[in-house]
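Engineer: Given next are the chains, with one letter for each unit.
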Amino acid sequence: MIDSIDRRKFLGGAAGAVAAFTVVPRSVLGGAGGQPPSEKLNLAAIGIGGMGSSNINQCGSENFVALCDVDDGYAGKVFDRFPAAKKYKDFRVMLDKEDKNIDGVIVATPDHTHGVVGMACIQHGKHIYLQKPLAHSIYEVRKLTEAAREAKVQTQMGNQGHSSEEIRMLSEWIADGAIGPVHEVYAWSDRPVGGDPWSDFPVMARPKDTPDVPKTLDWDLWLGPVQHRPYHPIYHPMSWRGFWDFGTGALGDMGCHILDPAFWVLKLGQPTRVEATTTHYQPEVASETYPRAAIIRYEFPARGDMPPVKLTWSDGRLMPPRPRDLEPGRRLDGNGALLIGEKGTIMHGSHGAGGVRIIPETKMRAYKRPEKTVPRVRGGQSGHEQDWIRACKDGKPASSSFEYGGPLTEMVLLGVLAMRFKDTPLDWDAANLNVTNLPEAEKYIHPPFRDGWSL
Amino acid sequence: MEQKNMTRRGFVGAAAGVAAFTVVPRHVVAGSGSAAPSEKINIAGVGVGGQGGHDIGQLDSQNIVALCDVDWRHAAGCFKRYPNAKQYKDFREMLDKEDKHIDGVVVGTPDHMHAIVSMAAIKRGKHVYCEKPLTHTVREARMLAEAAREAKVATQMGNQGQAGEEVRLLCETIWDGAIGQVREVHVWTDRPLNGTNNWYWPQGVGRPGGQDPVPETLDWDLWIGPAPMRPYVGNRVYHPFVWRGWWDFGTGALGDIGCHSLSPVFRALKLGHPTSVEACCTLVNNETYPVASRVTYEFPARGDLAPVTLHWYDGGMKPPRPPELEDGRRWDTNGALFIGDKGKMYGGRLLPESRQRDYGRPPQKLERSPGHYIEWVIACKGGKPAGSNFPDHAGLLAQVVLLGNVALRPALKADKYLGTKLLWDGDKFEFTNVPEANQYLTKEYRAGWAI
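First to last, the sequence lines map onto chains S and Z.
Start counting the first sequence at 1; every next residue gets the next number (the working numbering).
Start counting the second sequence at 1001; every next residue gets the next number (the working numbering).
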């Protein structure tokens, strides 16, 4: 819900700008090195039918030279807007053929192909804007982060909230000791909102019927590294999020937004323990889709002079108990988080600590805000894509580069992993990507790829 | 689950002697006054096809004089076991015709009928054994408790575990101060699902369309009773048993298991009315209870006892596994965890198990029960009130359980209520901060039905 409002805002906010631009082919063929700010980047985009379309709009200041989608029906409208851009179905073909024409790539495919597509872009030395969560498995995230570092390309994960004004305010307040040392964090999301086959997040067994693949869709490419299964319209274009093989569930979808503020301002790093509890369901459903609701409990050790933190995530409309500091009559949002400190509580909404307040409001009003010391991103949350463009040009990292987005996603995906082993605490050795008390977790940390695919 | 079943098996075992009795028709036709201890009481059953039939079986050391069920096919087994009992479809007719022959009534109908049947019996001065949860609405639970107190009849709710040794040891251990002041309790169940495999009954589903022919053996109008009429649909959509998931007929996972698993919490911590109840759940509609929920109650200090926060989880959600629970020990699908200032109890035992072994047994303070069903029989004969009698235990327990269902009402899960804590005044019997919630303390009864 909230996300679609944000999306509408994006589209609305960017509409005028995009329409005004025309695509001008870039005469100078450049590598992935920094460009002077005056010069336009040559961009490509992979997975453009959904969120990618919005990301493209936000980069309308640059040249789009190539666009790629496995479904030119779903992506048709976006293709039509850029008649000068070359059209591709297979990102590998595009990267080969357009290698010399592309500076950076926007990737907004389903989660299960983030890893292979992202890695291919990096290996071609391209700057990359990659949707959240960074990848589908923790191993892929780690490899992407390392590869980007080595290739020295500019990166940005699509958690646009990380460029917001509010997340910086939160950072300054926490550093100022506004609520004292923080021991507890609660975060929640109302997703998945449905739990029925027709909603975005189905809870169901694998479909048995095998409708024909639409002519516009290359189903084999859509599957990418995942083991083959027959096409079904439930997977594409949206509901893949609810399937273990393709998406990362409500936590993967929203965690990179809602947990981002706490992860950043509390410098959480990686947890040492995580435990999930979920709704029950039939085995044939449990093996296929994410549960209707989950509670994930993370334990983070002390960091410097900051005490250990217990972080509890709830989804499927489950929420934390109402915070004591919230005044009567005030409600919780459908998505949000609470940071509980020794001297007070901070509440914020979904993306980028939106609506961040100390509660109760009397305490917020009495609070003398510290000076703004954290550098701002131009345009705030709406400037997230442009911050990446800026990074590509000036060589200084974007706000949520993989150096940050990678570890954030690893933490989120560890919670997704814990859902595979409900009610079992997992002891996590982040350095070695190893659940020390449960060796069988390895197959989910580093799942095997289909033949012909590799990172 | 395991624990619950063990408890049930324990009971059945303890009551096995009962089987030795034969039904001797009672010669002396008596009113509903107390029968002498040596004398058998005359029992009628209403709703005997399911758990009610099991209850009758546990009480058949007494005289089973009349049996009533709206579905004679479903009740056939029970009818057959007691060939001398008169058979009825309509409990009102039974109570009219058999008034002079009945001392006590066992109510094992679906939840939406409990209060109607129990109140009719109490008004006639009959003793009542009623299945859990005591009633379908909070107000009904309060009314039944008051009516039973005034009528001075013997009552017992069907939460068998209350008579067990486990709950006594739990109380005595906590009262002994073994875990200090208890401020936090977590109770959970996997219902409405059975493990990861099967539904006990569906929740989170909508109403099916269409209708099926009503079986000849079933009086659907009587089955619907005080609920709004709806077409009969077969294939275990409503009847038998799976009515539990529907707002109109059942009380969901919380109603089904709450009266079992919260009863020890009330006893051990001497709880009264809570000051607040707050609930969140998966998407919920006006037809069935949600797939999973969390309900949090806050109880004020009671004398020397500290305030308590009680967290309920269902649909398979569990509280965090306590670090004191040794690796390899089962973290059960149904359970209760008491967190005190000086320790924790899980499954009625101190954590870790080495602490329980060091501790041994608490000083005995509570009298042991002769058995849950016999408790009621003794009370009917003028003896000590049964452990889960309506005025002293079951009425309050059921009210509090059902307050949780009020907080789960779809209308109160709308966005504007997200995170709202309903403040409860038990004396005034109202929610003080969200007046619109008060309508759900009761329900409308179909024309022709009243409590």
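Some clues are possibly wrong.
25 angstroms max Cα-Cα, derived PhoX-like pairs, lysine-lysine [as the list claims (entries may be wrong)]: (1) Lys1344/Z with Lys422/S; (2) Lys1270/Z with Lys1344/Z; (3) Lys310/S with Lys1342/Z; (4) Lys1270/Z with Lys310/S.
Quick caveat, the hints were computed from the structure, so don't treat them as lab data.
None of these values were measured; they are calculated from a predicted model.
Engineer: Hey, Lys310/S versus Lys1342/Z, does the alpha-carbon distance stay inside 25 angstroms?
Structural biologist: Holds, because 21 angstroms separates the two Cα atoms, which is no more than 25 angstroms.
Engineer: Check the hint pairing Lys1270/Z with Lys1344/Z against an upper bound of 25 angstroms on the C-alpha distance.
Structural biologist: Roughly 18 angstroms between the alpha carbons, so the hint for Lys1270/Z and Lys1344/Z holds.
Engineer: With the threshold set at 25 angstroms, check whether the alpha-carbon distance from Lys1270/Z to Lys310/S stays at or below it.
Structural biologist: violated, 31 angstroms
Engineer: Does Lys422/S sit within 25 angstroms of Lys1344/Z, going by the straight-line distance between their CA atoms?
Structural biologist: Holds, at roughly 22 angstroms.
Hint 4 from the earlier list is the only one contradicted by this structure; the remaining hints agree with it.
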